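A.B. asks: Line by line, the protein sequences give chains A and B.
Here our numbering is used: the first residue of the first sequence is 1, the next is one more, and so on.
Here our numbering is used: the first residue of the second sequence is 198, the next is one more, and so on.
These are calculated hints, taken from the structure and not from any lab test.
In this text, all values refer to a predicted model and were calculated from it rather than measured experimentally.
Every residue, glycine too, gets a C-beta built ideally from N, C-alpha and C.
Per label pair, the in silico range of CB-to-CB distance:
| id | chain 1 | residue 1 | chain 2 | residue 2 | range |
| --- | --- | --- | --- | --- | --- |
| 1 | B | 872 | A | 29 | 49 to 59 Å |
| 2 | B | 636 | A | 159 | 32 to 42 Å |
| 3 | A | 183 | B | 655 | 31 to 41 Å |
Every beta carbon over 12 Å from chain B, so not counted as near; a handful from chain A, in silico:
| id | residue |
| --- | --- |
| 4 | 7 |
| 5 | 22 |
| 6 | 23 |
| 7 | 27 |
| 8 | 32 |
| 9 | 34 |
| 10 | 35 |
| 11 | 36 |
| 12 | 37 |
| 13 | 61 |
One-sided excerpt, in silico: chain B residues whose CB lies under 10 Å from chain A:
| id | residue |
| --- | --- |
| 14 | 766 |
| 15 | 774 |
| 16 | 776 |
| 17 | 778 |
| 18 | 779 |
| 19 | 783 |
| 20 | 786 |
| 21 | 790 |
| 22 | 793 |
| 23 | 797 |
| 24 | 851 |
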Amino acid sequence: MKEAELRRLLAANLLCAVSIVLTALVPALFLDGFSVLGTHLTWLCVCSVCVSVLSISLCLILKPSPSSKRSSLSNKVRFVGIKGVRCFVFQCRVLHLGYPGSTLRHFMSTNLLIQILFKTALNLAMSIWENSLQITTMCSILGGWFGAFPIPLDWDRPWQVWPISCSLGATFGYMAGLIIAPLWIHWNRKQLTYKSR
Amino acid sequence: MQRWPVLLFLAWVCFLFFSGIGLFMNGFLLTRIELANSSSCSDPLVPPPWDKQSLPPGSCWVPQRFAKVVLVIIDALRFEFALFNPAKINPLPYENKLSFLHHLATSQPHHARLYRFLADPPTATMQRIKGLTTGSLPTFIDVGSNFATYAIQEDNLLAQLVQNGRRVVFMGDDTWEGLFPKKFFRSYFFPSFNVKDLHTVDNGILQYLYPTVNSGEWDLLIAHFLGVDHCGHKHGPDHPEMAKKLSQMNEMLRSLVDHLGNDTLLLVAGDHGMTETGDHGGDSQREMNAALFVYSKTPLFGTDPPEEPEAIPQVNLVPTVALLLGVPIPYSNIGEVMAELFSGDGDTVSEALQQLLVYHINAKQVDRFLHSYSLVAQDLPAEQLQHLQELFSSAVEEHIQLLAQVQSAMPVSPELESKIRSLISRFQLYLRQARAVCTQSWARFHPLHMVGGCTLIAASCLLCYVASELATVSDSFYRSCLLYPLLWGLVTALLRGLACVFTQEELDLLLLLSWAAAASLLGFFWHWWGWHPKRARLLGSQPPLASTGLRQRLRVWLGLAFPMGILLFRCGAMFSDSFVVAEAQVAPFMLASLVMLLIGKLHWDGHLTVPEGPRQQPLGFSSYRKESWHLLCLVAVLLVCVRLSGFFHQCREEIPQCRPSVFLPPLASLRNTRAKNLFYLLCVALLAGLVYAVRSWLRHYGNLNSSDPLVLFVRWGFPLVVLCIACYWAVASSAEDSLGKLQELVQVAVIAFPWAVYGLVSIGLLLLLCHPMTVFAKDSRESAGSIVTPYQGIPSSKVDLLQVIPQLYKRMQESEKSRLERRSCRATVAAYGLGSVYSAALVIALTLLGFLLMLLHTERLSLAFLLLFVEAFVLLHIHTRARSLAGDTEPFSVPWFAVISWLLAASQFFYSTGHQPIFPAIHWNAAFVGFHLDHSTNFLPAVLVGANTFASHILFAVGCPLLLLWPFVCEMPSSQKKKSKREPQEELQTVDEHMMEMRLRESPEKFSTALLQLGLKYLFVLGAQLLACVCAAVILRRHLMVWKVFAPKFLFESLGFMVSSICLLLGISLVMRVDCAVSTWFSQLQLR
Ligand SMILES: [Zn+2]
Ligand SMILES: [Zn+2]
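So here's chain A without its partners, still in its complex pose (with noise of 0.2 Å):
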């Protein structure tokens, strides 16, 4: 392993960390009455877009599979849509463990098992940044589970409603995610060992 491609990886996981808290507070400055809690969804669009955006360049730049066989098209174009529709999907995700009170929810349900086909790779990965992806992915689903306790505590803030406080939850776990995923191969990195083809 390099520890170029770690830097690099830490780099972009830095950006997409950066970017998701410039959503939350650039769009204010164009959009009247714009808030993270008063127009979720708005922000919750935005940031998926954004982070989306964002990860397939960085993707696209950063040329993530270094062996020969892997960086061939289809395996990027994989890559990249795996990649794009999780971050598409990473804030809805949880929804189908979160808070009943919804039919959202029940859609939902299926998204678990869209999740878990896309993830195949769990223990066969190729590179860190495929770690480094499951890592955020494991972070944003436990911080949407953990963002369902706060909703039915009698403190009567505006964010603890259903989607909000498990989304945030979900964000916020996304970004320890991002900042823990280098550390974590960073320490692992004797035991990680990747097949190259």
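Using the hints, position chain B with the ligands against chain A.
C.D. replies: What follows is chain B with the ligands alone, placed relative to chain A:
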């Protein structure tokens, strides 16, 4: 198989938990101490007033103002019912109905006044009657004794009246009969318990009310009307029936006022209010705000009424009525007189002096009570008492000075008058503070008992965990971990008993049991500690944990951490009132999370995907095994079930925006006939579907072939039960008035059908106990022909042909086989359904119980029960599939995941059958399924209501052994092809693959161990939840919500624990009973 030790061990563990619960309850739910003292006329309490003015004859303490009082109690008369707002154009059914009260109050403002009458929680009728007559605050524990009304021991208004030679006449609610035996000069009681009966009590009262009033042979007349309350329970306040009832009350009051004399005071009071659903018992605003209306034909009030009706606590009525009638205030009263009723017709100064007098008497009485109470009990905080004492003595001192001043300067100056007023407000302050102190601290605890109870429960949990982790149990285990601890406990109990005898102490049974439990717990841990290393040495060559690598241990630990983490979250949720309130959502959330975690873990471990082949498939659907797809489908079904079960929730008052499920009220309350019929058909169809499903499951496993009485019962009795239930629902949900002449027939049918169901179900359960075998043996030793001839003789039923063979179990183990072969008889015994004989018995028992419990619920909740059965079935399958996918090596131990999800489903369905852990949400109507009017004892209604409340606990606990049995039942033959070959030779080869539950019989030691472990795991998880509740109650005992949320939750949880543990024992003993029967069957087979 060791049956008795297993049962004894589990029973002993249950006993440990029960004693812990008992000890804790004893410390947590203390009642206020009732003083035996009573006030009397000759008390030196009151010095003669300022002038040596003599009291008129028959008056005590103060001259009486009224000769007679009529107290009309309209049960559950909410304040809004009595309020009249002429501006309202479209009043709700309960609004603007008591127009006569409004008329009186506006036309004679100095004669009549409406008050907001604040009932103290708990707002149950019996507690309120107690409060209204003793002037004290009944405590929480009394709620439980609502079924049995005990005579009031404390000094009370009625006792004072009787003591002073007054005549009290009562008519109405027969709860009073038990509370005040032999206190009434004349009484007309009517049964109160049947809440569906709106008219018996009221019409009875109306029949006697006016003649009694006219006769004049009374001093206090109490009429307690129940119609409004019953109408609330049956229809809710927002119903045309309520409008009728309130109009009836209005007419009653109108004619009653015509009959009253000038010396009579009329009080119209509600004992409590009602919620939006018509229930009561808690402390929400709607339940606590009752109405009080005061009227007299002589002027009462010196001032005009305030804009907004004044709010007065309910206890204030007692001292007021006592002094108005000229009798002593009851000894334990903590209420405050309603001073404006003592104003009289004089000038403002004499009015103020009169009020000062009654306040002085009232304050002295309260001070005397607090003094004697603090001598008996230490629960009122000392510094607050001290403060009250100072307040009181300074006020009394000033009173004496003031009286002297008033006497010397007879035309009282305005300055003096203002002094009198300020003194009155100081007495008022004292009385209010005293009441607040009492209210605050009459929820007192016994910390030692509480801690002791907690410790016992925690230690029992630990015991369960420790014992369930043992791999195998042997005789030595039972000897050292059951027998010795039991001996320890017995010896301790004996010693303690002897000590009590010698010291002449009073023997407290509960404490004795707790000592025994604690000693036997200690004994267990002591012997276990000693026994454990011995066992390790016996195993010798491979100590269980030391040799396994760190990684593997970590793996095991991780596998345990997920379900335990969920359990921990669930227990943690008990500590927050918000989470307890939202538990109906939290439990299903936890269940879904747990199942998802399981799937995630299986996926992580790579069990869901096809093992990596030579050419690795890219991502896609094909990379999943077929079984994984089944598993994922099952999970989807489970999630759908969980979601659907949310439609049956009851609401708590803490969540105001919550609307109770539309499925909860009985069909009879539906006004839309079409919808009613549709729902009825749907419910009946579902019942029939359930029977069909159970029968086809049994047929699938060949348990429906024999002609045993039990099987016949399943064939014919089940449809009969369904028919009876359907008829009962039809009769019960039909409109009451429309049947006309058939009324009497309907009355009979409403009783007869439930009894038919009770009878049939008990016959079924008895049959199950006597002949639990559902096996059909076909002995082919004589005719060695084709083995498979379906019993029913219908050759077309291919299912039978295909499915019967896997059920075959040849009892020939090697020795047997050779013996038979020596007899030169190449024959086999084909036993249909032997492979699922244990599960079949449990399934039949569960179905019977399900029928019974559905009968006790309202019709449409049978939908929830169906969901319950489906969800349990799906959970069992998920558990089985997950195990087979994970390649579990230990078939005899049920994983924690399964036990915890089973229990989470149990709590989920507690809520999804329309229950909540609060008292107003109890379905009291269940006590009248099959009973028309009153119960002679309290036992039967308690059982019926208990069964209704804990229905899901019962079903899941009885079904718990299925967790162990199901993987064996679903055992899949390794190859599908072998199934279709039916030659006897083939059979012999495939014997091993179709043994199913007979695998359990093969190793009886392991079977009994497995049952014990399963029971212990179940008790551990239950116990952990209970422990969390108990700890929450201890830690948060001064929390604002403790009586509203935590204490009821604790009570329900502990009752649920008791019900569950007993049902668990019953379920396990049923399995053992089947095992006995199987053994007998085998021995008979050998004799043949
Ligand atoms: Zn009542
Ligand atoms: Zn009631």
